[in-house]
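K.L.:
Residue numbers (the working numbering), protein chains in the order written: chain X, 1 to 775; chain P, 1 to 199; chain Y, 1 to 502.
In case anyone wonders, no lab produced these hints; they're calculated from the structure. In this text the structure is predicted, and so the values were computed from the model without any measurement. Heads up, a few of these hints could be off.
To be verified - Dumping the calculated SDA-like pairs for lysine to any residue here, alpha-carbon to alpha-carbon at most 20 Å:
| # | chain 1 | residue 1 | chain 2 | residue 2 |
| --- | --- | --- | --- | --- |
| 1 | X | Lys57 | X | Ala513 |
| 2 | X | Lys160 | Y | Ala417 |
| 3 | P | Lys71 | Y | Arg222 |
| 4 | X | Lys224 | Y | Pro451 |
| 5 | X | Lys57 | X | Arg666 |
| 6 | X | Lys706 | X | Pro601 |
| 7 | X | Lys160 | Y | Ile454 |
| 8 | X | Lys160 | P | Ala91 |
| 9 | X | Lys224 | Y | Arg396 |
| 10 | X | Lys415 | Y | Trp458 |
| 11 | P | Lys72 | Y | Trp458 |
| 12 | X | Lys508 | X | His476 |
| 13 | X | Lys57 | X | Gly34 |
| 14 | P | Lys72 | Y | His369 |
| 15 | X | Lys224 | X | Asp158 |
| 16 | X | Lys508 | X | Ala663 |
| 17 | P | Lys72 | Y | Cys404 |
| 18 | X | Lys160 | Y | Pro451 |
| 19 | X | Lys224 | X | Gly154 |
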Amino acid sequence: MLPEYAELHCVSNFTFQRGASHPEELVVRAAELGCAALAITDECSLAGVVRAHVAAKQAGLKLIIGSEFQLIDGPRFVLLATNRHGYGNLSAVITRARRAARKGGYSLCRADLADGVPDCLALLLDPDTVSEEHLAWFSATFVRVWLALELLHGPDDDVKRVHIEQLAARYRLPVAAAGDVHMHVRQRRALQDALTAIGLGTTVAAAGAALHASGERHLRAREKLARIYAPAPLAETVRIATQCTFSLDELRYEYPEELVPPGETPAGYLRRLTEAGMRDRWPDGAPEKVQRLIEHELVLISELRYEAYFLTVHDIVRFAHSQDILCQGRGSAANSAVCYCLGITSVDPARMEMLFERFISKERGEPPDIDVDFEHERREEVIQYIYQKYGRDRAALAATVITYRYRSAARDAGKALGMSVAQVDRLAKSRAWWDGQRVLPERLREAGFDPDSAVMQRWRMLVDVLTGFPRHLSQHVGGFVIARDALHRLVPVENAAMPERTVIQWDKDDLEALGLLKVDVLGLGMLTAIRRALALINEFRGQSLRLAAVPAEDAATYAMIQHGDTVGVFQIESRAQMAMLPRLRPATFYDLVIEVAIVRPGPIQGDMVHPYLQRRQGLEPVTYPSEQVRGVLERTLGVPIFQEQVIKLAMVAAGFSAGEADALRRAMAAWKRKGGLEPFEQRLITGMRERGYDEQFARRVFDQIKGFGEYGFPESHAVSFALLAYVSAWFKCHEPAAFTCALLNSQPMGFYAPAQLVQDARRHGVEVRAVNVCV
Amino acid sequence: MSLDSLLERADIWRGDRFPATVGIPTGFAALDEKLPGSGWPIGALTEILLPSFGIGELQLIMPALARLSRKKRWIAWIAPPYIPYAPALAACGVDLSRMLIVRPRATTDGFWAIEQALRSGTCAAVLAWPAGGDRQMWRRLQLAAEAGQSWGVLFRREQDMEPAPVALRLQLEPLPGGIEVHILKRLGGWAAGPVVLNL
Amino acid sequence: MGDCRAAGIQLLAGTNMLWLCLYFRSLSLDVLARGDCSPVPRVVVFGPETRLQVLVPNAAALVRGIHAEMRLSAAQTLVDDLHVLTRDAAAEQAAVSSIAAWCGQFTSTVSLLSPDAVLLEIGASLRLFGGLPRLRQTIDAGITALGYHVQTGIAPTPLGAWWLARANIAEPATDNEQLRAALARVPLRCMALESDVMAVLQGVGLRTVGDCRRLPRDALARRCGVTFINMLDRALGDAPDPRPLFVPPPYFTSRLPLPAAVDDCAMLLFAIHRLVLELAGFLQAREAGVPGFVLQLCHQGRAPTTVAIGLVSASRDAAHLLRLVRTQMERTPLPDTVHEVALVARDIRPLVATATTLFDTAETRGGDHWTALVEQLRARLGDDAVTGLQLVADHRPERAWHYCAPGEDRPGVSNAARPLWLLVEPLLLRQRDHRPLLPGHHGALTLRRGPERIESGWWDGGDVMRDYFAARHDDGIRVWLFRERCPDATGQRRWFLHGIFG
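Just chain X, same shape as in the assembly:
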């Protein structure tokens, strides 16, 4: 009978330059070993716990949230959260420690913990090396205390064990086994050594005693543990685990509540606003189709309890409108009629094919992801509004995890192995962008290295594993998280690189995974330019033209576009676009939507462009292998160009469920970095064959999907952008002077330099006067 065991002391690679395994790897391994539970206890950090949480749910493993600390004037220990309250306290401690130091460090002393950390369990590390004074303090400060017994085949394990048992008897404290885990398997030893060297800024050869003496600090099998430990310390770990019942799922639905006026419910308030918006958009009454759509959305939103998202974003957009800041929702939110009614997006559901499930789906269980573009010069005002409304202790920017890419991994691995600066430089530059994720031997030979030499093999091994490892946290550009209560009790907050800026320890994916309210406040240069243009025109002509009132489907504008005369026009001004425009000849709004989406590496690599053009020009017949496929691909002449089409294809032609199709979408976005499209390949082709599609068609579709990679455009996104493209083209066509002036005043933005914009204006007959400097 194997003893039960819970590993309570474990760092992931989110303890930078120390942990040698991803949180997911640790979770999977712990599950394989049959651990009763795993605690991820990164040093003064919770940055990796969400990933661990997601992986743990999938693997069916119990996850405990904790963190390791080294006091300035005290011992080293681990705190484990037992419930939501304890978790909040833990997060608060981490926040306090991180805010007291420069970015990347933390500072915690005994005085900071004078009141203990309620609802957290405390595990004292290396108790045999701790002074009497510290031990006494520790025992007195924390309510539930254990002494950690970490037997790692060190030089004096027996002596240590006896000593700790004596301490336990003297202070009447229980002893719990732990593993000081730094990696999920022993084989990561080399990488762990390299990380130590990188952290010290030296080579592995010179790191000396700083390296661990063996690879024993990994998740060990229970048979092994049974041989090393007596039953009592092992059983104690399970006792501890049982007391920890907190799960990150409990953080869901902690949305800000003040948006709803007193006396109303969130659902009721949302409905009221939506209906008001409907009347605004369709003064003559909304079409039947739209009304049904809105109803469907409101019901789903209410069921999933996502009202807060819409209300929060609506409030921000309302503020922007009140300040005459142009803004536009983008991304999957453009699939929502409610968003259109609330003024968040400008994609008219009456005219577009809506795929609301792309935005919110019951199956995905994920909250909506609403990104809004604001004028880039005035974005800061919006950010300040958010801080002011919710307070700096409830709103914060999400983090971005800066990971090792090939170059940085090549450099750090080379330096750790003692290569010269020149060699390291050559290695870092030796990869061509089309090589994918592996380092090709030919590339190394070209750079003058022997790929099979011992040192190069070691280097390649390190680079392979190191790529994708987190290096440090940085502040995200515009991703905000807004909490119902104090933010630092939800997630730890630390100092960012810039003074007076803070960042939370989770990134956008983490926030999404936990269902926390996140809003992306992005900046778009073209919105600034458009507003400026509108202001100039209105002033000059004494009008009050609004963005929404720019005449639609203007033939002159489309003519100009078809000639490729698009310098300064949003999204279609690049050389590649200008080359495509005379061939594709967009004549309607939807053509513009396709134009915006099709000139991208995704469709190009997936070989969609040529067939589309052929079919459009009537040089190729347009056929559909089935009616379902026609339904999906008709509007793009049978060629999948948008992400949504691919998802829909997978569903109707290969029988994917909505959830599976969404998983495919995610895999498509990430496969170049992480790989992993193979299982989908099988499923897709088999599914299609089962439904009677031929092998060749199935293969074609799959290749197109691969080509998409992360560059495939969502349709809704293309629509939002096409709107701006059209508007900016209209300005260029009808008010070139105002437009150019606006562009120049909004620099830097766009594809062209001011000089080129001026030149183009002249070509269009705009009189450009000399600079007039008033002194």
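Chain X is already provided as a structure; the job is to place chains P and Y on it using the hints.
P.N.:
Chains P and Y in isolation, oriented as in the chain X frame:
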């Protein structure tokens, strides 16, 4: 005239009294008591006989070595049978910067090196593992030790014949927890009873 | 001190100068024969091959009746086994330079007087060296030790000193009065005159310098030339006589040809001794020392044997250096007889003599003399046989230490659980039932402490993965073993002995 007052007279030599030279404290009180000068003899040779190397003979002299090296005195090891392991020496409190390790290739060079080290006066302790040797050799070494006022230690396995003329001869026997030290010869006294040391 | 690099810096003769001239009367012979002190009759010859004449006979030859300018054939009839040496003018020149450099230890004002004399201005050195008689004696003894026969003259003028030296007039003339008196007795030939001038003077019946002075100046000038008058004036102190300063070379090199090929160590050392003394003087002159030098023993028809002498710290102590040479020579095999010895020292370092301490305690004794002991040992045993110990920060036990230069200090981590003895190479042990057996010992090994797991070193190809145990054998010996973590080709995990708890 009582026996006591008779025994106090200066012209009567008592067999159990030691001459008033000062030795290097061994670090083991039980052993110091039995040694003339309460320690290892300076300016003379100490011979330590063993059944085989590695039963605790180094640990026996380690406290004295540590003390000498901390006083910035040099310690020479002539032809040690194995590598004196620096981490262990350092852990015993020995200052490694005062260690001199001499590894001659030829045996004859070995004796020459021991003699030089003893005579030079630079080394407070000279540890040697001599192979072979005749009376003349030992005599020269003894003179060298006197001239340089060094403490010479000769480690020899029991099967090596030809006992050397030395000031102190010990024989060590291993015990489960340490060693048993038999004092076979000491200057100014007869052989004394064994001392058990726990190492 | 010999640091005036610019050639042509002249020294004006002035008041209070006192010149000592070293005149090497048998330079040609000394240069070739000083490496050997045996009383063999020797001559140096010169002239065309068919009419060789004796230039200089040595003492042993003189005694047998050979004198200068005798025909060689005649000399050889007097002495059968006469040792004949051919004159080596280049060696003579080099020798004079060497001597001049050696003289630098007494004064910074040295000048060459071609072809066989060296001038020293010693006026400023008298007090430092304990007065004139003592200084003269020191110099004389030193030159003799170098192997040269010398005659010394002391006068207030360079020429005066030279003439006195050539005349072998030992009493010093410390002022111009005394000089005039002494020069009165100096024969004409000591003035090293041109033959025609000599003929004129002799023709008029003059025999000594004093005689010359009694003649009226203008008459002398008319007959012998202005140069002659000028020379007299300078010699007598009536005119200044600036002399070019000798500049010693930046490094030391000196050759000593052996009159007869030698393979006897003692005789070689005799010759080398001379060279070492020269080196010591050269170094003393520059207040420098050498951390090492090279001896070259030249053989006929094969490459020379090179003997490199290295020191732990720079020195110029001749006795010490010679001791080291002796020790090293004793273990240097000579493939053939040696006909010439050379000494080259290129690394010259400033060296200030250390003051001796008032209290010469055991500590200071140890402190200063340990380098001497190390050098001594190294000279005989080789450099890598004499080392110190140093800790290295590495988890692999065999790499946690290394031999280093004695006395090097580096802090490090020490581990209490390590054995005092480490084996040079881990010893593979036989096993029975997976338990290790100690060779040469009957009985069982009991594992006491362990396993201590060490897995490290993957980055330099020396990855170890071992479990270490402390074990005690029934015989009492306590050992340090390890077991490899990976099974070998036969599927067994091997046991090794790595250390002994001493």
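K.L.:
For each hint, tell me whether it holds in the structure or not.
P.N.:
Here is what the structure says about each hint:
no. : hint                : verdict
1   : X/Lys57 x X/Ala513  : holds, 12 Å
2   : X/Lys160 x Y/Ala417 : holds, 13 Å
3   : P/Lys71 x Y/Arg222  : violated, 84 Å
4   : X/Lys224 x Y/Pro451 : holds, 13 Å
5   : X/Lys57 x X/Arg666  : holds, 18 Å
6   : X/Lys706 x X/Pro601 : holds, 11 Å
7   : X/Lys160 x Y/Ile454 : holds, 18 Å
8   : X/Lys160 x P/Ala91  : holds, 18 Å
9   : X/Lys224 x Y/Arg396 : violated, 24 Å
10  : X/Lys415 x Y/Trp458 : holds, 15 Å
11  : P/Lys72 x Y/Trp458  : violated, 38 Å
12  : X/Lys508 x X/His476 : holds, 8 Å
13  : X/Lys57 x X/Gly34   : holds, 15 Å
14  : P/Lys72 x Y/His369  : holds, 13 Å
15  : X/Lys224 x X/Asp158 : holds, 16 Å
16  : X/Lys508 x X/Ala663 : holds, 18 Å
17  : P/Lys72 x Y/Cys404  : holds, 18 Å
18  : X/Lys160 x Y/Pro451 : holds, 14 Å
19  : X/Lys224 x X/Gly154 : holds, 15 Å
Checked against the numbered hints given earlier, this structure breaks hints 3, 9 and 11; the rest are met.
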